[in-house]
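Peer 1: Using the sequences and the hints given, assemble the complete structure.
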Amino acid sequence: MIEVHNLTYRIADAPILTDISLRVPLGGIVALIGPNGAGKSTLLSLMARLLPLQQGRITVDELTVGQSDDRELARRLAILPQTMHATSRLTVRDLVSFGRYPYHRGRPTKEDRSLVEEGLGLFELSAMADRSLDTLSGGQRQRAFVAMTYVQDTNYVLLDEPLNNLDLAASRSLMVRLRELADAKGRTIIIVLHDINVATAYADRVLVMKDGRLCGDGAPRDVVTPELIKDVFETDATLRVVDGRPVVLA
Amino acid sequence: MYPRRLVLLSVLLLLCALGYLFTDVKGSLEFALMFRGKKLAALLLISASQAVAAVMFQTISGNRILTPSIMGFDALYVLILTTAVVFLGAPTYQRLDSGLLMLANATLMCGAAILLFGLLLRRGRDDLMRMLLTGVVLAVMLRSVTGLMQRVIDPNEYAVVQAASFARFARAETDLLGVSAALCLVALAFAWRMRHRLDVLALGPVVSTSLGEPPLKGQRWALLLISVLVSVSTALVGPVAFFGLLVSALTYMVLPTYRHAVLLPGSALIAGVILVGGQWALERVFSFSTPLSVVVEFLGGLVFLLLLLKGLKR
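Quick mapping for you: the protein sequence lines, in order, are chains A and B. Mapping of the first sequence onto our numbering: residues 1 to 250, in sequence order. Mapping of the second sequence onto our numbering: residues 251 to 564, in sequence order.
Treat the hints with care, since some could be wrong.
Stated by the list, open to error - The list that follows gives simulated cross-link-like pairs (lysine to aspartate or glutamate, EDC-like), each with its CA atoms no further than 16 Å apart:
#, chain 1, residue 1, chain 2, residue 2
1, B, K467, A, D19
2, B, K467, A, D70
3, A, K210, A, D19
Stated by the list, open to error - According to the in silico footprint, chain A covers these stretches of chain B (three or more CB under 8 Å from chain A):
#, stretch
4, 300-306
5, 505-513
6, 524-537
Stated by the list, open to error - For the chain B half of the interface with chain A, some residues (derived, Cβ under 7 Å), not all of them:
#, residue
7, N406
8, V456
9, V457
The set of hints was computed from the structure by calculation and includes no laboratory data. Values in this document were obtained by computation on a predicted structure and should not be read as measured data. Built from N, CA and C at the ideal position, the CB exists for glycine as well.
Peer 2: In structure tokens, the structure reads:
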């Protein structure tokens, strides 16, 4: 369980997040949605300890962010970067192997190696395992990063707008894989999404943010309503229900 | 990875060292060996510290153009030294134990470097051009402040400062060798212990945080080691601007890997081959016609321009 208690964050007196509290129990996909500047990425970055906490507390299972050992936290919580500058010096296998670093600290055991190979196989990367990262397409590279976080074997995976720069096929394939991680491996995935339709299609729970506050929380079909589009996103796009789920017509 | 290339480099370095020690010995072999042995040791220390400092700095700053010297680390060292001479006065300064002085300088340098460059790295990591600009401006500023102080002081005191602030590989301060070697070896040992952490830090702040290696902590620790290494080599031969860059660029070419377990020793070996081999060639073949620092700086400067142009094109 990730618990956020009374989180407030400011940048030079401008409130970015105001008194946010929430709980994310183990399992499922939780999508963070909201208009630009709502504070979604800031909230995720604070959970990911990419930003220092100012006020409030975040706990991951029994560990406290900012106090507990970084290595311990790295075995509970992984962060998927948007994209990394591809370096020609890293192969796919090298990158995926880094997922085991929190366990072996640079001295991989036999078990670590076999887990890496399993990860490569699971994400259909075995054939390109020895290619360097900068020869891959954006989608393949993203898949290599997901394989790395899979191998890291954490309960929680945080993703900040991973679909930026991905085409339709790559976006869908990423979401399907995340769904599998949640369903088959029991991982908890917290993801910032721009596209409400992606959130309603793949998430179990949607958290809506606006102006640094939480203003909606629940299953996609309960949360995504015409009122949400009007009040939170301040636009009058039409909402239709297609195959039992709400779809925003942009 | 690349064990053959590392062995080859070691053999090359050994040959250079033997050549440097044994060619053209006139008179007592024993005396020549002692005299040259000290200089050789100094050259090796400088090579290892400049190389490792450059590679580490490029790893934590996430680029391959900047080195501690380009960002003004050695300018900071000369500034500290000049300030010490100005405030203590040259006679007092010269009466102080040189080893002790070096320790004090290195300590001050560590503090100042972490303050200055730590801040710079935190703000500028994603923006190479901004960091480059800030670094170069910072270096110029440090040099100008130093220049101002040197103009204000008494000419005798100026001579003391000047003697300590010019690169001269041929006349390395061998009387500082003991303290330098101790400091340097400790720093190098810690750098070696950090090799796996450096591999992770090279992946950028998000991935290294995710893997339990907070970038700020790693950067601070690396800056500390870099400061010690740069202080030692600056104290021994004076500032060299582009040597580290020349070495790191060659290292990435010869050893195309991300593993610091290979990069750190590899870069030290390459640096050693350049310095010892270069010094040997200049002393014996060209009979001291050009100081090595001029040649090294010329080549290093060219590499810097090439990298910069390549980086701009991308």
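Peer 1: Hint check: is the beta carbon of V456 of chain B less than 7 Å from a beta carbon of chain A?
Peer 2: V456 of chain B check passes; min Cβ-Cβ to chain A is 4 Å, inside 7 Å.
Peer 1: CA of K210 of chain A to CA of D19 of chain A, is that 16 Å or under?
Peer 2: This hinted pair holds, its Cα atoms lying about 13 Å apart.
Peer 1: Against the 16 Å threshold, does the CA-CA distance of K467 of chain B and D70 of chain A hold or violate the hint?
Peer 2: 11 Å, holds
Peer 1: Check, residue by residue, whether the stretch 524-537 of chain B contains three or more positions whose beta-carbon lies closer than 8 Å to a beta-carbon of chain A, and give the verdict.
Peer 2: violated (count 0)
Peer 1: Close enough to count: is the Cβ of V457 of chain B nearer than 7 Å to one in chain A?
Peer 2: 6 Å, holds
Peer 1: Against chain A, is N406 of chain B within 7 Å by beta-carbon distance?
Peer 2: 50 Å, violated
Peer 1: Under a C-beta cut-off of less than 8 Å, do 3 or more residues of the stretch 300-306 of chain B approach chain A closely enough to confirm the stated coverage?
Peer 2: Three-residue rule not met by the stretch 300-306 of chain B, so violated; n is 0.
Peer 1: Regarding the pair K467 of chain B and D19 of chain A, is the alpha-carbon distance no greater than 16 Å?
Peer 2: Distance ~29 Å between K467 of chain B and D19 of chain A Cα, so the pair is violated.
Peer 1: According to a criterion of three or more residues whose C-beta lies within less than 8 Å of a C-beta of chain A, is the stretch 505-513 of chain B covered?
Peer 2: holds (count 3)
When held up to the earlier numbered hints, the structure conflicts with 1, 4, 6 and 7 and fits the remainder.
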